[in-house]
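**Q** Sequence lines, in order, name chains A, B and C. Going by the working numbering, the first residue of the first sequence is number 1, and it counts up by one from there. Going by the working numbering, the first residue of the second sequence is number 1, and it counts up by one from there. Going by the working numbering, the first residue of the third sequence is number 1, and it counts up by one from there.
The hints are simulated quantities; they were obtained by calculation from the structure and are not laboratory data. Treat the hints loosely; a few may be bogus.
[Said to hold, decoys possible] Listed next, the stretches of chain B that the computed footprint assigns to chain C, with coverage defined by at least 3 CB atoms under 8 Å from CB atoms of chain C:
#1 74-84
#2 120-134
#3 141-154
#4 232-245
#5 304-312
Don't be surprised by glycine CBs; every beta carbon is placed ideally from N, CA and C.
This is what each chain is made of:
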Amino acid sequence: MTAPANGQRAEGTPLLDVKDLTVHHGQLQALDQISVRVYPGEVYAIIGANGAGKSTLLRTIAGLHQPTTGTVLLDGQDVTGLRPERRARQGIVMVPEGRRLFGSLSVEENLKVGATYARTGPWTVERVYETFDWMRDRRGQQAAQLSGGEQQTVAIGRALVANPRVLLLDELSLGLAPVVVQRIYAMLPQILETGLTVLLVEQDVSQALRVASHIHCLLEGRTTLEGRPADVSAEQVEAAYFGLAGASNPAAAKAPPVSLDGSSQPGEGSASLWPG
Amino acid sequence: MSLITDVGAPPAAGFRVTRSQRNVAWTGVVALAVVVVLAMFPYIVYSGTTAILVQAFIVLTLASMWNLLAGYAGLVSVGQQAFLGLGAYFVLILALHGISPFAALPVAAIACGVAALPLWWLVSRLRSGYFAIATWVLAATVMLIIERFTSIGGGSGMPLPGLAGLSPTLLTAYTYWAGLAVTVLALLATYLLLRGRLGLVLTAIRDDEVAARSSGARVGLARMLVFVVAGVGCGAAGGILAISQLQVQPSADFTVQWTAEMAFATIIGGLGTIEGPIIGTAVYMVLQQTLASYNAWYLIILGLVAIVIALFARRGLWGLVDSRLHLRLFPVGYWLRTADGNGRRGGRRE
Amino acid sequence: MAWVNAIIQGILTGGLYALFACGLSLMFGVMKVVNLAHGDLAVVAGYIAIGIIFVTHVPVLWSVVIVVPIMALIGYVLQRTVIQTALDRGVLTTLIVTLGLSLVIENGLLQFFSANTRGIGAGMTLVTGSFSIGSQIEIGYLLLVVFAVAVAVLLGLQYFLSGSRYGRLIRAVADDKEAAQLAGADYRHVFGIASALALGTVALGGIAYGMYSSLDPTAGTDTILLFAFVAVVIGGLGSLWGTLVGGIVLGVAQQVGAQINISDEVIAGYIVFLLVLVLRPQGLITRRAQT
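Just chain A, same shape as in the assembly:
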């Protein structure tokens, strides 16, 4: 691929390499030739409006959905054909949308299930208790009785104890109060310092921009924006998110995605989605 102009992104193999993924829900096309490259240690955020295909992308990477075409590579290995549980054991672990805890199990049991097929690594049930200190006292409580924010934390813990290489976070903020969401995202650095890589989907754009090292915007299954938060203006994000340029100028919407680290395709000079 073209070398990045200013070299922010690491060289070498991406940890997670998604190539030209096209996904259908029955007859409906949800994703159109999406490519994502996540390098070790990154926090890669996927943003977009409802129905843009964000969760579909994550679920396909996790293996819950089979793509029509395209490949998913984990550290160079093709995992496209693997069932979700195999991918989890290989190191792609997802915290699904809506938490999806095992409601009839206790907090500790939820964590233990997560640890059943864990890879070796720094994360253990003990360490999760140390990181989220309220959990230890409540570890015997049934998961269904926790609040939304608590459930979300346990869900993250359940994924962490598996010692993933790539942690997929699907809409952490869904259904949670903003204060709670912020607190959860504040824990992200602690998680990252253990060597994880995070790929997250987030509706809340400002939250995403705050934590991400790289953002990727989807609209109706297509990529409309890609780059570092620092290199992106609010207007550009807005335009990419809502496809505003597309509404007034269909040609622009079909324009190749803008890569703001300078690696846009040769021949395309414009770094703006606005016409003219």
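Assemble chains B and C onto chain A, guided by the hints.
**A** Same frame as chain A, but now just chains B and C:
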């Protein structure tokens, strides 16, 4: 009482929604011819053959009903033998009061339909697996209750009165015609029901129950109707059984083997298609006749075939034919024809 | 009093019915499958036991040790092959396939063993012996042992489900099988284990039934599945100990019915079942964990 409380918009310009296909007229003629030919059988074939055909009529009627229940309403009933037995016993009871069994037949069938109502009330709320077992508990209970009444034969059953006056030839003929009539009516009723509103509602339920409910379809009512109709049909078949056997017997009339027969015939022929039970019954009878001397083997083979078909060829033998030839003898679906004349089939999806 | 005796009999019979029912309840709880061939497989276990005893002349109780693991294995294989395939196609197909299995098994047994009834351990003291309390109360050894076994099995299941790794996985998969996949669990394998447990327990019940009463090809549906289902419904869907409660209620109802009129025994049980269906479909013990 309307099954659908909403009226859809007319199709968009450039499209026509049609019912008929080129082979419908043919089907009608052929079906009529077949029925006429069959009706003449007592004059031209041996009574042994008509007896076998009466058996086939019973199985075909039962299979059509089971198909309605499982293939269209999504109700897997393992207790239809309750109505079979009830139909037989209602005929017996009326015959004991002096009414000719043949005249009693329609009354018995309707009585079974009425009996279906309280039974439906008992089981309608259950989830499908538990619904299945509950229908079977009901059938077992009905049998036990009936067995207690010695006036209708108790546990060992009794002969059916009122037919002694007929000569054997006439009796065979009348039995045969009654069986034929019941079968034709059952198939006709199934066809007409599915062609109308009920069919739409049932297909909608089958595809997506929540969506069906929210667009106005009265799901519970539709299912209840199907259950009652199936009760009537199976009851009529039971009446034919009693007449053809010249007796009623609890262990034979209420056995769960009847469910085996109607289920296997339907599944092999094609669940969810009207043509399926016809083919399935044919397969069933052929197997039964050829393996008759080997006792239960035909049921074992039928069962294994049914399992394989249920897993790998959902729409049965007819489905295999249909998908290759796009043949539909009983047009109950809709065709969407675009302005350029090409058709896309809708109305019934696998 | 004869009534007291009847009630004690009924309670003890509940243990047998709990053995019938706990596997059914487990399979439904974990994978939402009602295995219509559940009872027939118990009968198969009984016939295998009879066969083994006949061929190898091992003591009757040894046949239990041999047959139960075999049936558990059959349960696993059946689940991973036939039932999983049916599950992937939908609820309707699963019912139809298990119905087909049930009828095929019954007719197969009819073919090979004829409709005659067969018993297990006919001459044993365990089976025929009893002890008396006072003059009116007589308690058969067999029913007492079966009740104890049933309680032990339920305790074992409870311990397994709550304390062990696979027990946790089973409960997790039952709650949310997709989330379990994301945690690295192959739910098909977990389903298989649940099926193995279900068939192992019902095999135990089948052999016990062969000793208590007698086996015939149709006993699987006529008796075992029916009673299992009634016990589950009475005790509440999703509750393991509820199957014991349900079994006891059913057993007592039957014995009381028999006291009133000997031929009322079976129908009394059905009437209780219908009453529960009408009055309280959730059963007497509702599942406490509502997610």
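**Q** If any of the earlier hints don't hold here, list their numbers in rising order.
**A** 4
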